[in-house]
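> Sequence:
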Amino acid sequence: MKQILCIAVLSLSSLLITGNVVAGDRLTVVELFTSQGCSSCPPADAAVKAMRDKPGVLTLSWPVDYWDRLGWADTFAHPRNSARQAAYNKRMGRGGVFTPQVIVDGRFQCVGSKKDKIRNSVAKARDIERLHVTPGITRRDGVITVTLPATAVADTVAVRLVWYVGDASVEVGAGENQGRQLHYTNVVRYTDVIADWNGEDWITEINPAMGVQVDADHLAILLHAGYGHGPIIGGVSLPLHADDGTAGR
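Under mature numbering (1 follows the signal peptide of the UniProt record, and there is no 0), residues -23 to -1, 1 to 226 are what the sequence shown spells out, in order.
Calculated from the structure, these hints are not laboratory results. Remember, it's a predicted structure, so these values are computed and weren't measured experimentally. Warning: the hint list may mix true and false statements.
To be verified - FRET-style restraints, in silico, Cβ to Cβ:
1. Ser146 - Gly33: 26 to 32 Å
2. Asp144 - Ser17: 35 to 41 Å
3. Gly205 - Lys91: 45 to 51 Å
As the list claims (entries may be wrong) - Computed cross-link-like contacts, DSSO-like style, restricted to lysine-lysine with a CA-CA straight-line distance of at most 27 Å:
4. Lys94 - Lys67
5. Lys26 - Lys94
6. Lys101 - Lys31
7. Lys91 - Lys67
8. Lys101 - Lys26
Don't be surprised by glycine CBs; every beta carbon is placed ideally from N, CA and C.
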């Protein structure tokens, strides 16, 4: 893939931020690991879709490839998605992976088809008192700018870029879901860690053409404590079709 990402780290003047942020002021990230080859996954896909517009919540669907051996190659899956799920589960002390699985803020996990379990996991994540950093994100003159304010952090923070498409459908031709039309929301198309942040004022510019190349229409920035699959301490998203001057949420 041609790399179009342009990163520049500059100095900004801002206040040092410490302490915790109440749940109402922070984003909760709900990640679903799903597969077109899993007959238990469509209810989970629907459950996550129902949460997409919930205030203060960002949902992301990560199609995995390990069920491709069952007769249908998932058209959205990528090995990096499976690796992300495995890394989360290893950190949580779990012996393996399964679908559908929901992971909330990189801290809590549950079966993705159990709506009550998802709600409980979201509530637990939002009840935690923890440091939260909200990245700034705007689009102007065809460039996306992401900023982080000076913040007292205990460890290095991984800044993860996620390109995703808001809506997608596929007709499954074989496997457990053969003949079904499956619908997805916020499907991850590409992801990478673009920086390790140590808490200093920080700014980067991102070319939205990279998202277009991978058939994405949104960009999310996630902040992971420690490394790229650590607990999430902040996030923001922005539609690629946003007008100049539009800020993310």
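> Go through the numbered hints given earlier and state which of them the structure violates, listing their numbers in rising order.
Of the numbered hints, 2, 3 do not hold.
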